[in-house]
Amino acid sequence: QKEVEQNSGPLSVPEGAIASLNCTYSDRGSQSFFWYRQYSGKSPELIMFIYSNGDKEDGRFTAQLNKASQYVSLLIRDSQPSDSATYLCAVSRSSASKIIFGSGTRLSIRP
Amino acid sequence: SQTIHQWPATLVQPVGSPLSLECTVEGTSNPNLYWYRQAAGRGLQLLFYSVGIGQISSEVPQNLSASRPQDRQFILSSKKLLLSDSGFYLCAWSVYQGAGNGYTFGSGTRLTVV
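Each protein sequence line maps, in turn, to chains Y and L.
Residue numbering for the first sequence follows this note's numbering, beginning at 1 and increasing consecutively.
Residue numbering for the second sequence follows this note's numbering, beginning at 112 and increasing consecutively.
Bound-form chain Y, shown alone (with noise of 0.2 Å):
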């Protein structure tokens, strides 16, 4: 089992819809979660990161959190084409230790 689970996709969604991305995780003790946002050919970019169970938002973006599922996800509200990328998940046991990451989810948002 891979420690960071994510479907690959592509995950297509229209234009000014919501797009929901998720994650799931094998290591119960983890603490800490991360989305990072990845263009074609460009370096992760950190978009959200979340340590409580519940949601957090940030402008577009929410991330949710449930450790008792060991499940965690992205939701974009009003897509745009602009959001078109792989959105990595990564989790770390605590603030002490390494970030693992998944392979990454493609979206892609058609107009």
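Hints listed in this document are in silico derivations from the structure and should not be mistaken for laboratory results.
Predicted model only: the values in this text are computed from it and were never measured.
Please note that the accuracy of each hint is not assured.
Taking lysine to aspartate or glutamate pairs in the DMTMM-like style, the calculated list, with each CA pair at most 25 Å apart, reads [as the list claims (entries may be wrong)]:
| # | chain 1 | residue 1 | chain 2 | residue 2 |
| --- | --- | --- | --- | --- |
| 1 | Y | K2 | L | D182 |
| 2 | Y | K98 | Y | D55 |
| 3 | Y | K42 | L | E133 |
| 4 | Y | K42 | L | E137 |
| 5 | Y | K42 | L | D196 |
| 6 | Y | K56 | Y | E15 |
| 7 | L | K191 | L | E170 |
| 8 | Y | K56 | L | E133 |
We have chain Y already, so just place chain L on it with the hints.
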């Protein structure tokens, strides 16, 4: 503000040739530094990390080595490249020894071994 620089951006090297990739961080002291590799269509694989000058931890035994000769300089090397060394090499830094609030990545080096 802090910035991270990586060079070169792209590199094509023959099998058996040496490799040296450099990463520097500006605007901070004693950063934690990381080298990752991303194979085509794959996730990020942590290769090395360093919490200080001369302190290197290897995550995956392989054909590569890393060094940190100065506080804000991190170098990835190989004596003889293999075809399997092709990939996108990313340097990252963090303030904390660990995940903290996440890592910041450099722009990466795309290495093709031919």
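Return the numbers of the hints above that this structure violates; sort them in rising order. As far as the earlier hints go, 1 and 8 are violated by this structure, in ascending order.
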